[in-house]
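Q: Chain by chain, the residues run as shown.
Number of protein chains: 2
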Amino acid sequence: MGKTDQKALTARSEDQSKWYTEVVQRAKLADYSPVRGCMVIRPYGYALWENVQAGLDKMIKAAGVQNAYFPMLIPYSFLEKEADHVEGFAPEVAVVTHAGGKELEEKLVLRPTSETIIYSVFKDWVQSYRDLPILINQWANVIRWEKRTQPFLRTTEFLWQEGHTIHATKEEAREEVIRALNMYHDFVRDTLAMYTIKGYKTEAEKFPGADYTVSIEAMMGDNKALQSGTSHALTQEFSKSFDVSFTDESGEQQYVWPTSWGLSTRIIGGLILMHGDDKGLVIPPNIANIKVIIIPIYKADTESIVKDHVEQVESELKEAGVGYEVDWTDNTPGFKFSDAEMRGIPIRLEIGPKDVEGESVMMVSRFDGEKQAVKVSKLGELLPKRFEEIQAAMLTRSKEYTDQNTTEVKTDDEFYKLTDAAEPVGYIKCFFNGDPELEQEIKEKTKYTTRNIPLDTYDEDGKCIFTGEPGKLTLFARAY
Amino acid sequence: MGKTDQKALTARSEDQSKWYTEVVQRAKLADYSPVRGCMVIRPYGYALWENVQAGLDKMIKAAGVQNAYFPMLIPYSFLEKEADHVEGFAPEVAVVTHAGGKELEEKLVLRPTSETIIYSVFKDWVQSYRDLPILINQWANVIRWEKRTQPFLRTTEFLWQEGHTIHATKEEAREEVIRALNMYHDFVRDTLAMYTIKGYKTEAEKFPGADYTVSIEAMMGDNKALQSGTSHALTQEFSKSFDVSFTDESGEQQYVWPTSWGLSTRIIGGLILMHGDDKGLVIPPNIANIKVIIIPIYKADTESIVKDHVEQVESELKEAGVGYEVDWTDNTPGFKFSDAEMRGIPIRLEIGPKDVEGESVMMVSRFDGEKQAVKVSKLGELLPKRFEEIQAAMLTRSKEYTDQNTTEVKTDDEFYKLTDAAEPVGYIKCFFNGDPELEQEIKEKTKYTTRNIPLDTYDEDGKCIFTGEPGKLTLFARAY
Chain V
1 MGKTDQKALT ARSEDQSKWY TEVVQRAKLA DYSPVRGCMV IRPYGYALWE
51 NVQAGLDKMI KAAGVQNAYF PMLIPYSFLE KEADHVEGFA PEVAVVTHAG
101 GKELEEKLVL RPTSETIIYS VFKDWVQSYR DLPILINQWA NVIRWEKRTQ
151 PFLRTTEFLW QEGHTIHATK EEAREEVIRA LNMYHDFVRD TLAMYTIKGY
201 KTEAEKFPGA DYTVSIEAMM GDNKALQSGT SHALTQEFSK SFDVSFTDES
251 GEQQYVWPTS WGLSTRIIGG LILMHGDDKG LVIPPNIANI KVIIIPIYKA
301 DTESIVKDHV EQVESELKEA GVGYEVDWTD NTPGFKFSDA EMRGIPIRLE
351 IGPKDVEGES VMMVSRFDGE KQAVKVSKLG ELLPKRFEEI QAAMLTRSKE
401 YTDQNTTEVK TDDEFYKLTD AAEPVGYIKC FFNGDPELEQ EIKEKTKYTT
451 RNIPLDTYDE DGKCIFTGEP GKLTLFARAY
Chain D
1 MGKTDQKALT ARSEDQSKWY TEVVQRAKLA DYSPVRGCMV IRPYGYALWE
51 NVQAGLDKMI KAAGVQNAYF PMLIPYSFLE KEADHVEGFA PEVAVVTHAG
101 GKELEEKLVL RPTSETIIYS VFKDWVQSYR DLPILINQWA NVIRWEKRTQ
151 PFLRTTEFLW QEGHTIHATK EEAREEVIRA LNMYHDFVRD TLAMYTIKGY
201 KTEAEKFPGA DYTVSIEAMM GDNKALQSGT SHALTQEFSK SFDVSFTDES
251 GEQQYVWPTS WGLSTRIIGG LILMHGDDKG LVIPPNIANI KVIIIPIYKA
301 DTESIVKDHV EQVESELKEA GVGYEVDWTD NTPGFKFSDA EMRGIPIRLE
351 IGPKDVEGES VMMVSRFDGE KQAVKVSKLG ELLPKRFEEI QAAMLTRSKE
401 YTDQNTTEVK TDDEFYKLTD AAEPVGYIKC FFNGDPELEQ EIKEKTKYTT
451 RNIPLDTYDE DGKCIFTGEP GKLTLFARAY
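Chain order of the listed sequences is V and D.
Taking our numbering, the leading residue of the first sequence gets 1, the next gets one more, and so forth.
Taking our numbering, the leading residue of the second sequence gets 1, the next gets one more, and so forth.
Chain V on its own, in the form it takes in the complex (with noise of 0.2 Å):
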């Protein structure tokens, strides 16, 4: 599918959106497509994301939510049965006025999230408090307009999977919420090498029609945060809206109490700006279906012994189960390399004549450059312990990222000292009163958002920086 570009890939620190878009493009993750915002994942990009849905889906299927698939037509009307959630999500839909060749009499919008649609449809699957839970998850694309795009962090169309949920009582309805939001801090920590910070979200910034939400937020290589999943106890306004009720043991009529959560494709963005470097892509090796590289180095006279140990290699390595790609082109060694490196592929073994005397091969690892000379027979044994190795690693370098670039203020000047710096600083962790208007000028003057309130300081008191009310400890950052 065409050569890599050969022209040397723009440094991260000299422009990071220049790098950024290139690494996508470069590393076949993503194409632009004729339509405005919205991307073509390519098959390496996609196989990330097919991990990403095996891994969560067996998390979601071992939490006893089942999947099912929901239409993503929407009649208008029911994105108006709730008043914040039509008034959130109106101005992005994209709305289907003709179909068959005919005027249709509802202009339907395409889902931007499925919360109305199957509250209509739970509606009828719900009498008895022996109905409850319904558990239910879907995989699927939305569609929301929006006014700037980025591939993966930001597209008009992207997939994702949205659970929703409904419970007898408050209660249960919060323990959904929050089993979602651990699943989902688990599964980037243990899968795509992501730390982060569980919280709640501010007023401002929770779902429209929420109760309350809370969210993992990552802390990416340029010191701006990514909303990386989300999970939304809902208000009974949406029980109510669509009549979603249930008679209770004592006989009572009652509405359930609605939960949605999700993580969308959007999580690929966050693995590239959380991991890349300047020379491309790194993947964590949990994530990669594609683990090793071997790039043999031949001329014509050393051709055929290098192909034998590249062979022997090969049948090592498929009687570990890892998976591997020959890089067999015509392209000098060092074109390889780039090509690997600019691929993220966690290891990439060298073969040439050399290694074949000493029946080794060079095993370098992307991560960290490692070099190490390693015997062929020992490759099976060696390789997925190397590959814990880069994937705690991996992790424990975006933790202690996040903590060198989180600073605790105690005043509003030394917030703004730090807002007024010309690149972003990371996380600004504070006492916020949480009061919205407060939120939007801050948002306005230094384009800082709160990202969340962190579950683990969610009990300490103190003073917000700004008014001297009562906050909570609060983190601001700049973010996708």
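Quick caveat, the hints were computed from the structure, so don't treat them as lab data.
Don't take each hint at face value.
[What the hints assert, rightly or not] Below 20 Å or equal to it, Euclidean Cα-Cα: the simulated PhoX-like pairs (lysine-lysine) are:
# : chain 1 : residue 1 : chain 2 : residue 2
1 : D       : Lys147    : V       : Lys107
2 : V       : Lys318    : D       : Lys58
3 : D       : Lys58     : V       : Lys102
4 : V       : Lys318    : V       : Lys279
[Unchecked claim] To give a feel for the contact side, a few chain D residues facing chain V, derived at Cβ under 8 Å:
# : residue
5 : Cys38
6 : Val95
7 : Val96
8 : Val142
Model, not experiment: these values are computed from the prediction.
Each residue gets a CB set at the ideal place from its N, CA and C atoms; glycine is no exception.
Got chain V; can you put chain D on it based on the hints?
A: What follows is chain D alone, placed relative to chain V:
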């Protein structure tokens, strides 16, 4: 999620269409949705689709085809680039005219199929013969504004996979078209126990924009045929319209040879209609997640010993890796039997006090009703064998049924005598000259359409029974 309706299921022989609707709803496969022609796929139905996806995806990947994702929104002008294609699909498309609060400059259609958007991107992926073939598949939702809809069989929105490949030569494209056809044939045979016939579509029935289309056709239990998967060699008009060309080995510029192939949620409709009976669904073991339903039969004084026995059975099934469910609801055994039959669970294990004494269970097969007392200790060994037998027997019945309901005719008199019957007669096999106008005439007169020209008798020569001209041995049937 609510009890299964206790009213008796409409007999299939009495009212097939009512029976179908009832089975879909009572077995909780799907629900009608508030949006015209769109269905909600419920967890029990979606699990079947997930298993179709998992099985087919493995075969797709094994053939070297890679998954990717292309935008669901397609500029209207793209459709218009290929004359046959727009003629075929324009009447069925849903059109987005407004988005983000504004009228769009160019109308967008919701993909009815993705050839046009994909070729507009393939154009940039291919330069030289070295880049070929490109083998892409996507799992996606598509929208076709159908006049009459029925859950699974024909819905406004449906789920499918669509393979799109481009090749350097016509012959290679042909190989891919046939590979995909064989893949579909083998997959539905081995997983869904569906016997299908491979063959060429006639000119009138081929895909809009195809040079030729091949299909697998399946005979349903009501003697109507269901097109169950199609594979197309597209004309080079597509490559020309989208300028998808390459430099061949001799330096000449050539247009690529495209193929596409798809299988959809329609196949679940086929599963219901092929295997279902007066008691409801019959699911072949290979596609069932819940392969066994355990039905405890007890009174107050025997509950505890039955419960212990059920637990023993459960541990046997767990060890054997057999998916199962226990029906501990308060319903009567009779109700539970009916419910399990409605859902088509392959094996029912009845466990009452007598079974406890004998350290056995009563094993009943959903497919043929065969009853057999089995020692609990033998279950792990016996069940997998039983599943294999049932799977094989279901396929055999499917083939026999198809053969029994296929009639070869030598004259148009015989043909019209058959089509005059009140009920569909199955396949009518005859030589036919393939003339689209004649085909249209026959369709209008009889409601019978050509299904395909079977591959295995493609080389037989004969005279068209309608015109006396040279013809091919063609299958006609009433079709879904």
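Q: Check each numbered hint from earlier against the structure, then list the numbers of those it violates in ascending order.
A: 3, 4 and 8
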